[in-house]
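**Q** Make a model of the complete structure from these sequences and hints.
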Amino acid sequence: MGSQRIIGGGLGLSEAGPSTHHHHHVPSYGVLHGINSANPSTLINEGHAFNFGELEEAIVLQGVKARNDEGKAPLFTTAPRPAATLEMFPSWPIRFHQTSRGGSKSGGESTDSALSTKTEPPLEAESPMSKKATTPSSLDHQHHLQHDHHDASRIVGPSSSSQNQSQAKSPHEKRKGAGSTSEKPLDAKAYVQQLESSRLKLTQLEQDLQRARSQGLFMDCGGVGGNLSSGGAMFDMEYGRWLEEEQRLMGELRNGVQAAVSEGEMRGIVDGYLSHYDELFRLKSVAAKSDVFHLINGMWTSQAERCFLWIGGFKPSDLITMLIQQLEPLAEQQIMGMYGLRHSSQQAEDALSQGLDQLQQSLVDTIAGGPIVDGVQQMVVAMGKLANLEGFVRQADNLRQQTLHQLCRLLTVRQAARCFIVIGEYYGRLRALSSLWASRPRETLMSDDNSCQTTTDLQMVHPSHHQNHFPSF
Amino acid sequence: MVGVGVDPLERIERLASENAVVIFSISSCCMCHAIKRLFCGMGVNPAVHELDEDPLGKDLERALIRLLGTSSVVPVVFIGGKLIGTMDRVMACHINGTLVPLLKEAGALWL
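Note that the protein sequences, when read in sequence, are chains A and B. Going by the UniProt record's numbering, the first sequence opens with residue 1, and the numbers climb by one from there. Going by the UniProt record's numbering, the second sequence opens with residue 1, and the numbers climb by one from there.
Some clues are possibly wrong.
Simulated restraints on C-beta separations [said to hold, decoys possible]:
hint	chain 1	residue 1	chain 2	residue 2	range
1	B	Arg66	A	Tyr339	37 to 45 Å
2	A	Ser275	B	Thr70	22 to 30 Å
3	B	Arg66	A	Ile335	39 to 47 Å
4	B	Glu105	A	Asn255	42 to 50 Å
5	B	Arg66	A	Gln334	37 to 45 Å
6	B	Gly57	A	Asp357	50 to 58 Å
7	B	Ser27	A	Asn255	52 to 60 Å
8	A	Asn255	B	Ser72	40 to 48 Å
9	A	Glu279	B	Ala47	36 to 44 Å
10	A	Glu328	B	Gly57	38 to 46 Å
11	B	Gly69	A	Ser262	38 to 46 Å
12	B	Arg66	A	Gln325	23 to 31 Å
13	B	Arg89	A	Gln326	25 to 33 Å
Straight-line alpha carbon distances no greater than 30 Å define the calculated DSSO-like cross-link-like pairs of lysine-lysine that follow [claimed, not checked]:
hint	chain 1	residue 1	chain 2	residue 2
14	B	Lys58	B	Lys36
15	A	Lys289	B	Lys36
16	A	Lys385	A	Lys315
17	B	Lys82	B	Lys36
18	A	Lys315	B	Lys36
19	B	Lys58	B	Lys82
20	A	Lys385	A	Lys289
21	A	Lys315	B	Lys104
22	B	Lys58	A	Lys385
23	B	Lys104	B	Lys36
24	B	Lys104	B	Lys82
25	B	Lys36	A	Lys385
26	A	Lys289	A	Lys315
27	A	Lys289	B	Lys58
I should point out that these hints are in silico values taken from the structure, not numbers from a laboratory. Beta carbons: idealized from backbone N, C-alpha and C, even for Gly.
**A** Here it is in structure tokens:
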């Protein structure tokens, strides 16, 4: 998914030379060192859903960078640059970075003494390796490319063996393994991988946080996520990933239009984008069950989008009005269809708004209470009425979903592609506007520091993100 | 008049066929209010049957739950005697353009 985009970029970077690598790598380290409060071990234990796509992306980037830096081709994450990990093992010979597994040979013995300094005990050798082995083919492909550069005595990479990494023994391992049991080098390997994956997970979480910040989510709150429930926080994370995938699909749409791909292929891309929106509505329906207020008050969206919020999302009729203007050359029948869709949507929106008004009024009446106020009973009744909010958000999302599907039916495949590009760019610009607004220079010195940092962070973390927002600039 | 022995489902069918547009509702339900506003906004005059104002409303509600297979059953809409569904379905039909032809066919709309 998102990782393939970056891996493609990673392959491109490998040709550009070390300086580009270095520049590209600075952000992640900047982010890593910028946020010191997070304790790695607590993050490891948090049990968040972990995106292996981004893990492998980071691994590949490091692998490619190391290859360029050293002129050799290590198969795995053991570049000298991630000093945080390797400096922990000063007795580890230089040769460490040349091996794919690190410590499988002579490096193995020296790790034992350093193990006690880590907070995390070494894992079962199976789990991290088997996880690495089952990552998607893009990672395998990368390793196969690099594998060609190796001489045959090198240890095989994770891609070329199956799940039972711990039992696979290359001839090299068997030769050098004299005196050390099969357990020791594997524990060290697994341990280092555990460290690497934890560090990458930390970076990943920090990037998520940065992304959320750059979207202006936390900009106006005093504390980060002060009132955020776990359901709301979970949705925000998922929404962040949804946005990344949406950017990727936008790229596909643009390529499809520019390259004038076949109708069938275009249909596939358009359907993919539509399905992605279906996925968003599914995520929202789950979030509505746990924290409907989070959706309704729009804290998950950017500030500019929040401005136009209608029952937890965009207003379909407004979107159609915008589209009618932007998709100028349309057939008469299609224009009539669009106007008709806007009309139906307005009627449905009015109905839902009136229903919501009645709910509000009913709630106010309940909370204000009559002449005799019965506290507990009053709250029980009020809670019952509040529960209806979820229904309204669901119906509003249903309306949004139906509108998007109907748009697809009204338009030809290429028009639908253009339509989705317009929609994607429109919301992208609203988000960019929100970021810029949040990071605008302000009067006080304190704010200036914040805004400077924000701007820098924005530039560091999401250069491509902003490129997508202003393609015409 | 309706006796106690009448099968609720039969009663629903009978009520549904009495008017072009029939809505089974609960007077305090806000979503029901929304759907009534929707039809009125379109110029349709639906026949509304408030289950909480019917002495046998509970039976009717249970029958509707069985008919629809969902627990959140109101509002339920019948057009021309045929079951359309709840708010989800009605909105989907309106957006995809099938609601208006149905209403015209049932004689609820003239234009």
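**Q** Are there hints from earlier that the structure breaks, and if so, what are their numbers?
**A** The structure conflicts with hints 6, 10 and 12, although it agrees with all the remaining ones.
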